[in-house]
Amino acid sequence: MTERDTSLFDRVMALKAAGDFAAISALIPYSSFVGFELLSEDDQLITILRCRPSNIGNTTIPAVHGGVVGALLEHAGVMHIIHDCEITRFPKIINISVDYLRPCLGTQDTYARAYLVKQGRSVSNVRVEAWQSDPLRPVAAAHAHFLMR
Amino acid sequence: MSGDGTGYPLESIRAIVQKLPHFEALGLKALELNRGNCLFRVEYSPELVGNLESGVVHGGVITTLLDSAGGTAAFSVVPDGASVATLDLRIDYLKQAEPGRAILGYAECYRQTRHIVFVRGHACHDTADDPIAHFVASFMVGSVGFSPSDRA
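These protein sequence lines are chains Y and H, in that order. Read in my numbering, the first sequence has 21 at position 21, and its numbers run on one by one without any break. Read in my numbering, the second sequence has 142 at position 142, and its numbers run on one by one without any break.
Okay, derived cross-link-like pairs now, BS3-like style, lysine-lysine, Cα gap no bigger than 25 angstroms in a straight line:
| hint | chain 1 | residue 1 | chain 2 | residue 2 |
| --- | --- | --- | --- | --- |
| 1 | Y | 118 | H | 95 |
| 2 | Y | 92 | Y | 118 |
| 3 | H | 29 | H | 19 |
| 4 | H | 95 | H | 29 |
| 5 | H | 95 | Y | 92 |
One side of the interface only, derived from the structure: several residues of chain H facing chain Y at Cβ under 7 angstroms:
| hint | residue |
| --- | --- |
| 6 | 21 |
| 7 | 58 |
| 8 | 64 |
| 9 | 91 |
Because the hints were derived from the structure by calculation, they are not lab data. Virtual Cβ for every residue (Gly too), placed ideally from N, Cα, C.
Construct the complete structure from the given sequences, taking the supplied hints into account.
What follows is the structure in structure tokens.
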């Protein structure tokens with residue numbers, strides 16, 4: 001890692017200590033490209049994908065592009081690990097499996113919450129669910145592995 | 001694979017998918033489109049970065065590139081009038097994409113039934129033998145939903 005990279009990680013750790021996860025997410029350019037926002041609720045993180053016409057991948061329903069839904073689930077997973085785990089570097093995605101359960105409507109915001117299934121020394125396993133109007137009716141679910149070191 | 005003239009015309013698939021809002025936002029281009037497979041490209045852009053430390057694009061860009069290629073490949077084999085929706089997908093990240101470089105996404109249908117199209121593919125900078133990501137997905141074939149014949 002270079003000097004600059006180290007300071008970025010330190011910056012993220014300082015934001016984490018301050019509980020400002022929205023600011024951590026906002027450091028990532030792709031977040032604003034698709035419209036990710038973060039909410040902290042009862043010490044739980046909720047990642048939001050704002051409804052934007054440019055995220056539509058299916059104009060008939062209209063529905064959010066499946067890739068953007070996948071991106072939301074991945075992002076929620078990363079942010080959850082930063083939130084819940086003692087990290088020494090940024091978690092790196094190893095793989096992700098996404099199940100598409102219901103149409104993700106392009107006219108509504110989408111929410112995602114992650115759960116840490118297992119934190120290993122080198123690999124963490126997370127599950128993530130995304131929903132729109134009702135958390136009990138998920139639009140998509142994922143499980144993913146992240147490299148921790 | 002269909003290829004018997006009852007599928008969607010390839011040129012209309014290409015024209016319609018490239019105009020979908022998120023395809024346009026990401027600048028996805030269909031470089032090749034055949035019955036049963038296709039190749040897409042996404043150009044590097046600083047706004048797609050997911051890791052500021054390394055300048056590497058967000059995994060979501062790869063997911064979107066490959067889901068797009070997979071869906072388009074699935075459209076190329078279903079009967080005219082049918083819709084296609086992603087049922088599930090899995091992506092393995094084999095090596096980091098290089099900052100500043102375009103990424104290719106290839107998908108091919110390896111099995112097709114009346115209801116499901118099975119697709120596999122990869123993302124790479126240059127050639128398939130040096131992949132960034134491996135991809136496998138299944139698509140549901142339906143009668144409602146999005147199809148390339150919807151000319152809104």
